[in-house]
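Visitor: Listed below are the residues making up each chain.
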Amino acid sequence: MPSASLVLQSVVLGVLLGGLYALLAAGLTLYFGVMRVVMIAHSAFLILAAYLAWYAHRETGVDPLLTLFVTVPLFFAAGVAMQRLLLTRLRPATLTMMSVLLTFSVALVIEGLLGYAFSGTQRRIRLGYSAAGFEFLGARVAVVKLIAFGLAALALLGLYVLMKRSRFGQALRATIQHREAAQLLGIDTDRIAGYGFGLGLATAAVGGTALALDTTIYPSLHWHWIGPLMAIIVVGGLGSVPGAAIAAMTLGMLQSLLQLELSTTWAQTVFYIALFATLAVRPQGFFGGRLAQRF
Amino acid sequence: MRRGSDTRLIHLGALLAAAAIALSFPSMAPSPYEITVGIAILNYAVLSTSWNFVGGFTGYISLGHGAFAGLGAYGTGLLVARAGLPPFAALFTAAALVALIAVPVGYAALRVRGASFVIVSIALVLILLLVFQSWASFTGGSRGLVVPRPFPGMLRAEHHRTFYFLFLALLAVTLSAWWVIDRSRFGMGLKAIREDEDKAQSLGIPTYSYKLVVFVVSAAFTALAGGLYALWFGDLDPVFQFSVLGGAYMVLMALLGGVRHLYGPLLGAVAVGYALEYAKVEYGDTPLHLVVAGLLLGVVVMFMPDGVIPAATALIGRFRRSGETSIREVTAAELRERREQPNRTEVKDGERSGT
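These protein sequences, in sequence, are chains A and B.
The numbering used here numbers the first residue of the first sequence as 1 and each following residue consecutively.
The numbering used here numbers the first residue of the second sequence as 296 and each following residue consecutively.
If you're looking for bench data, these hints aren't it; they were derived computationally from the structure.
Model, not experiment: these values are computed from the prediction.
Even glycine gets a Cβ: it sits at the ideal position worked out from N, Cα and C.
Incorrect hints may have been included.
What the hints assert, rightly or not - Derived contacts from chain A toward chain B, CB cut-off under 8 Å, selection only:
| # | residue |
| --- | --- |
| 1 | 76 |
| 2 | 88 |
| 3 | 101 |
| 4 | 115 |
| 5 | 190 |
| 6 | 221 |
| 7 | 225 |
| 8 | 230 |
| 9 | 231 |
| 10 | 246 |
| 11 | 276 |
| 12 | 280 |
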């Protein structure tokens with residue numbers, strides 16, 4: 001039985017990791033909400049953002065956090081473009097299946113180009129405060145991890161406020177809930193869906209920057225992220241943002257706690273076990289509403 | 296149907312010609328290397344035809360069939376290397392075991408429609424990759440698993456020739472199984488699921504068990520292909536056996552050829568498989584093959600989701616003006632398109648399924 005301080009350490013790490021999962025899963029949920037699309041390329045964009053942060057830091061020495069001011073608008077525009085130029089051109093009858101393949105192919109292209117441009121070598125950003133940390137109730141917390149968590153939490157909060165408080169957020173939620181009804185109310189659902197997609201991709205930009213702070217990155221890393229993220233959105237219920245956030249925190253914590261007893265790779269299987277258990281017991285997910293029933 | 300017997304003769308002739316070419320290929324090949332390319336292409340053809348049991352009939356797209364191929368390969372390899380079973384007994388035992396594993400997987404994956412199915416299929420590959428890499432004491436982990444050769448006394452060239460014919464036989468069996476299902480009542484039910492699952496259910500088709508059965512059949516054939524590959528190649532690595540990319544190649548080949556057609560996946564496998572082997576020799580292993588595969592998949596999905604066979608038949612049909620039967624199969628997507636554009640009354644006759 002591991003000591004109490006070790007458990008506490010794991011809980012803290014779990015919370016910090018869960019925050020990042022929550023932000024990224026929220027992005028995946030957004031895509032699914034507005035377009036019924038499972039966006040496989042989400043984590044590839046995440047790694048792309050991390051690489052951009054690393055590259056900017058290597059070339060100019062700027063703090064990786066500053067790349068956010070470039071990557072977030074850039075990814076937002078890329079998301080809108082992807083939705084307008086690629087996904088809306090697929091046949092509606094087979095959209096869900098074909099969009100998976102299309103976003104999968106985007107992920108392959110990104111991975112291949114990253115490998116071509118930066119080689120498969122593992123990269124890591126070294127910052128002045130990389131090694132800094134502090135004690136919190138006997139648990140050691142690295143500053144970079146805390147910054148990553150803060151970034152994720154801030155972005156998630158911003159997303160929440162945007163969805164709940166703004167007119168655009170209302171229109172977005174209406175589009176997610178019932179497209180035709182939203183159209184009848186005069187909402188330009190196509191445009192809103194495009195912006196929703198852009199927002200989803202912007203979460204990948206934020207997440208990628210946070211990831212670059214304290215993780216070693218390599219082009220094929222995105223496969224390690226997409227599996228857990230997809231498991232999270234199914235467990236939380238497809239299309240439910242709060243569900244995704246709760247599932248992300250719970251599973252991130254579980255993964256972190258399991259690492260005390262098991263190796264890192266075995267601990268990761270918790271996501272897949274949760275995925276299979278959820279589909280067997282409660283296929284619509286634990287927080288999913290009407291949306292998840294049919295998908 | 297005046298032209299019915301004519302078309303049948305043409306089909307039979309084409310089939311015989313293709314079989315003759317395939318059978319005589321090893322004796323015409325200038326070196327054993329060409330035969331290995333032939334084996335690789337046949338392996339892809341069996342894999343994507345096996346994939347097409349699910350993808351073509353039900354329209355459920357699985358990106359995780361690489362998992363069944365990997366399980367078949369490792370199952371066969373482990374049964375030979377660790378349990379000492381005779382190679383071909385191990386092959387069929389492994390396929391049976393994979394079919395057994397496919398039941399709970401299908402049970403979880405098929406309960407909800409569409410998106411969850413794809414997610415489970417990808418998750419399956421990723422989880423198996425983790426397990427087979429971590430459990431090194433049993434599977435050999437990243438160091439790989441060496442599978443003993445099934446015919447120890449055989450020379451290298453003879454080994455390749457034998458496996459060429461074994462793969463050809465497996466392809467013939469797989470294609471026949473697809474053909475039989477395509478013409479059966481069971482196949483009709485599956486195609487009804489593809490076009491409209493709600494309507495299929497309301498017409499009394501037991502959609503859930505149909506999907507599950509065809510999923511298990513598909514997994515078993517995929518495992519056979521994987522197992523045969525293990526016996527031929529003799530060296531397994533989790534990274535290659537459990538790769539999402541491998542599953543994506545199956546999808547790409549089947550889509551490129553045309554998922555509604557018996558020979559679609561085979562055609563796609565010949566084109567993509569040859570390109571893959573050619574690129575491996577000419578350009579080595581650069582990350583650019585991912586870019587090319589991604590772009591090709593994207594182009595197929597965007598511009599010809601029905602594959603080249605319908606596109607080609609439509610072109611031929613335009614010149615021949617035949618096939619104007621009164622009953623033809625129309626996809627749900629086309630009906631919808633036609634509903635939305637009521638002025639367009641012409642019917643493309645390239646969409647008839649079957650061969």
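Visitor: It remains to establish, for every hint, whether it holds in the given structure.
Guide: These are the hints, each one checked on the structure:
no.: 1; hint: 76; in the structure: violated (22 Å)
no.: 2; hint: 88; in the structure: violated (11 Å)
no.: 3; hint: 101; in the structure: holds (5 Å)
no.: 4; hint: 115; in the structure: holds (3 Å)
no.: 5; hint: 190; in the structure: violated (16 Å)
no.: 6; hint: 221; in the structure: violated (13 Å)
no.: 7; hint: 225; in the structure: violated (10 Å)
no.: 8; hint: 230; in the structure: holds (4 Å)
no.: 9; hint: 231; in the structure: holds (6 Å)
no.: 10; hint: 246; in the structure: violated (18 Å)
no.: 11; hint: 276; in the structure: holds (5 Å)
no.: 12; hint: 280; in the structure: holds (5 Å)
Of the hints listed earlier, those the structure fails to meet are numbers 1, 2, 5, 6, 7, 10, in rising order.
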